[in-house]
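**Q** Chains as they are written, first to last, in full-length UniProt numbering: chain A, 1 to 459; chain B, 1 to 459.
It is possible that some hints are incorrect.
[To be verified] Reference listing, derived: stretches of chain B covered by chain A, where coverage requires no fewer than 3 residues with Cβ under 8 Å from a Cβ of chain A:
1) 62-69
2) 403-410
[To be verified] Which stretches of chain A does chain B cover? Using the computed rule of at least three CB atoms under 8 Å from a CB of chain B, they are:
3) 144-153
4) 415-424
None of these hints come from the bench; they were simulated from the model. C-beta atoms are modelled at their ideal positions from N, C-alpha and C, and glycine is treated no differently.
2 protein chains.
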Amino acid sequence: MELRADVAARLKDFLGPRLSVAAADRAHHAASESFHRGPPPDAVAWPEDADEVARVVTICAAAGIPVIPWGTGTSLEGHALALRGGVTLDLSRMARVVEVRAGDMQASVQPGLTREALNTELRATGLFFPVDPGANASLGGMAATRASGTTAVRYGTMRSNVLGLQVVLADGRIIRTGTRAAKSSAGYDLTALFLGSEGTLGIITELTLRLHGQPEEVSAAVCAFADLHRAVECVAAVVQSGIPMARIEFVDAATARAFNLHSLSALPETPHLMVEFHGSAGRVREDAASFGELAAEFGATGFDWAVSAEDRARLWRMRHGAYNACRALRPGATGVVTDVCVPMSHLAAAVAAADADIRAAGLIGPMVGHVGDGNFHAQILVDPDDADEVAAARRIAVRMAERALAVGGTITGEHGIGIGKRGLMAAEHGEAWQVMGAIKAALDPGDILNPGKLVPDRN
Amino acid sequence: MELRADVAARLKDFLGPRLSVAAADRAHHAASESFHRGPPPDAVAWPEDADEVARVVTICAAAGIPVIPWGTGTSLEGHALALRGGVTLDLSRMARVVEVRAGDMQASVQPGLTREALNTELRATGLFFPVDPGANASLGGMAATRASGTTAVRYGTMRSNVLGLQVVLADGRIIRTGTRAAKSSAGYDLTALFLGSEGTLGIITELTLRLHGQPEEVSAAVCAFADLHRAVECVAAVVQSGIPMARIEFVDAATARAFNLHSLSALPETPHLMVEFHGSAGRVREDAASFGELAAEFGATGFDWAVSAEDRARLWRMRHGAYNACRALRPGATGVVTDVCVPMSHLAAAVAAADADIRAAGLIGPMVGHVGDGNFHAQILVDPDDADEVAAARRIAVRMAERALAVGGTITGEHGIGIGKRGLMAAEHGEAWQVMGAIKAALDPGDILNPGKLVPDRN
Chain A
1 MELRADVAAR LKDFLGPRLS VAAADRAHHA ASESFHRGPP PDAVAWPEDA DEVARVVTIC
61 AAAGIPVIPW GTGTSLEGHA LALRGGVTLD LSRMARVVEV RAGDMQASVQ PGLTREALNT
121 ELRATGLFFP VDPGANASLG GMAATRASGT TAVRYGTMRS NVLGLQVVLA DGRIIRTGTR
181 AAKSSAGYDL TALFLGSEGT LGIITELTLR LHGQPEEVSA AVCAFADLHR AVECVAAVVQ
241 SGIPMARIEF VDAATARAFN LHSLSALPET PHLMVEFHGS AGRVREDAAS FGELAAEFGA
301 TGFDWAVSAE DRARLWRMRH GAYNACRALR PGATGVVTDV CVPMSHLAAA VAAADADIRA
361 AGLIGPMVGH VGDGNFHAQI LVDPDDADEV AAARRIAVRM AERALAVGGT ITGEHGIGIG
421 KRGLMAAEHG EAWQVMGAIK AALDPGDILN PGKLVPDRN
Chain B
1 MELRADVAAR LKDFLGPRLS VAAADRAHHA ASESFHRGPP PDAVAWPEDA DEVARVVTIC
61 AAAGIPVIPW GTGTSLEGHA LALRGGVTLD LSRMARVVEV RAGDMQASVQ PGLTREALNT
121 ELRATGLFFP VDPGANASLG GMAATRASGT TAVRYGTMRS NVLGLQVVLA DGRIIRTGTR
181 AAKSSAGYDL TALFLGSEGT LGIITELTLR LHGQPEEVSA AVCAFADLHR AVECVAAVVQ
241 SGIPMARIEF VDAATARAFN LHSLSALPET PHLMVEFHGS AGRVREDAAS FGELAAEFGA
301 TGFDWAVSAE DRARLWRMRH GAYNACRALR PGATGVVTDV CVPMSHLAAA VAAADADIRA
361 AGLIGPMVGH VGDGNFHAQI LVDPDDADEV AAARRIAVRM AERALAVGGT ITGEHGIGIG
421 KRGLMAAEHG EAWQVMGAIK AALDPGDILN PGKLVPDRN
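So here's chain A without its partners, still in its complex pose (with noise of 0.2 Å):
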């Protein structure tokens, strides 16, 4: 399919040379970083403001053509793959910090900025944006998935961070949803609503972010675990017992083994947790003691403590690496990439049955877990040429958030539902899918705003 002349003259009109329709661009927003594909969007828009993007979408809307938003192509779920042709909204060029309001400790920013981007703008602040998916993901698309991280135990997601938003609407109006006040009870919650809504229910333009201080003091650990349950068992500890932990992360044997090989660490092969705590030095100290201790009664070993700037960067870039790391234990090999989050008493059971099934599979699948908030995710390896085995590692993902569903939990922690989990939101949401469907039909009557994602299909 083409994008039809007479729309591509008025969208060139004022975009210039930023509209595109050559493969190249085209093939560039295909491709995602999971295994996902897609056919190609009919052209590629950047546009720089709000205005620009409402146009953009009034004449696709007028036409009845696609508009799908990219940020930085970093989802795994192929949320911005355009399944039925049209243009690609990218916005990387819409990428600036509009203001920081560091008195009410808020940042208002445009869509395309990344979170690494904000956080160097941010640095002389002394204000910081803790929201931390590892890749270095556009705000807009942190938003559009509500997504977390490995600072969500003590910061919460995008849901909490997300003050209010600008969101150009399927009929090109624009509107903004929230205040900049710390919260608000007044009417319904719109931002909550567009937080998660992966571009189905209008373009987000531009976000109001409440932002932390930098902590006094940092410090982070490793500690190593005999088995897995032991590990799981000490975090369930440690977050009823009410210390503040900034990030407490799993990782299994196989994570462990991965991080040797391309980090050149040397940890045990075994599972372990990794900790970090902020607050003033005092505070710091008493929470990583109480830690300690807590941790000690479930046979934690070999702590290492990373105090230095340095040395915790050292650490999180371990473990933001998890994903290439784990890659490499099989070359070649793409990670069919899981995502499940489960209430704290079910995690255990949870994280082993997800180790067996994959092991009974014949596969690789190390595990990682943003286990303060019952979220984890197996990486299983397979070989995407190999349609047998990329249909075993994907049993075993539909398996795992059937599993999750049993026990009150969800099918996606964070990632979102894209094309990889549409199939599991009639098991997940039952009814209330087909509320979300209303939804989108009263905002978006055409379904012109990422068609074929999140909600049913229309009768």
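Given the coordinates of chain A, assemble chain B onto it according to the supplied hints.
**A** Here is chain B on its own, set in the frame of chain A:
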């Protein structure tokens, strides 16, 4: 208007004596704690489970009869008044703790359960539910208004403490939103959408709540400031410093006087902060000391520490009694209660401007505030039979709201819209208010759920 006989008969059929058309029952549900009054509903129903709620809604929907949920009637903006008649669903017989999952730090409860009743039941578990709006409200009502209160600065509002809901929709379908996992990225955040929807999108019939560990140690204090500016600037500094306050409440000089008259306290009649610290013994000591040092920089004096449970209870009973204590400053008066919330950097100016307006009108309007969130209330005391006075107070309330909006704040931090704030919704949300209307129309096409509230009138 009377309930059609056939409809009444169909309801009576399964509700029996739990459906009443008696004048006294109807009048009780036409009153509110504030000056708002509405016509009585045509009938009051006391359902005992979600199925009964669904049957009432289904029957009323078919006949085009409004259904209005009712918790404890402590709302301050007339949320539960039957503006167009219909059936008030009194949820006081759905007040059970369904399940406590201590290991997951969660409870499932029915909507009519009050927060105090829940915390009484939780006492032995080591857990508690922190959201504390002062009134012993029902948890369903607190969810429906996205309530918060004194502890939100530490534990968040209902938005962060409700993980999931069971909801009866306008067509009688019963859905579940959210999960028992700590977080999820699985589609539209319907839980957040129903929180704060004030009964206009569905009837909440069960809540999954996030619980917190009872702190090992609690310490509270009150201290005096020379003037309002110093007190509020101290709050901003405390929030910036990251000291994890469990409560930080402002009371102005008039409120201090009301406390002295009502609670026999002996506070200097100047502005005060009332604070509380939660944590381990060591952390509470460190936090309290950090606060004390900071507050002293802003001239705080007369620190009165309340460490015993008894002393703390007395302190917060005094704070929670502010509404009645202040009313007693002018016998026979009713309070017009305001509820703006502003970004921290604008808090001092907003409080001062409100104070000046109230003085200029020759009225008494004591102020208190959950100032860690930028939220404060004036309770403007008026003779309810003096229309001029009521009008003057309401003009001040509107001016406070407009000033809050001018600095990016909100017309209501925690009380909600009801009938008192609906006239300000367009000013706060602009075109986004129409989006709320579109969602309401999609989920309640017959406009039977708490009609005449929150969203724009239909064309």
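**Q** Hint by hint, say whether it matches the structure.
**A** Status of each hint after checking the structure:
Counting residues of the stretch 62-69 of chain B whose CB lies closer than 8 Å to any CB of chain A gives 0, which falls below the minimum of 3, so the coverage claim is violated. Restraint check on the stretch 403-410 of chain B versus chain A: 5 residues with Cβ-Cβ distances below 8 Å, three needed, restraint holds. Counting residues of the stretch 144-153 of chain A whose CB lies closer than 8 Å to any CB of chain B gives 5, which reaches the minimum of 3, so the coverage claim holds. Counting residues of the stretch 415-424 of chain A whose beta carbon lies closer than 8 Å to any beta carbon of chain B gives 4, which reaches the threshold of three, so the coverage claim holds.
In summary, the one numbered hint that this structure violates is 1.
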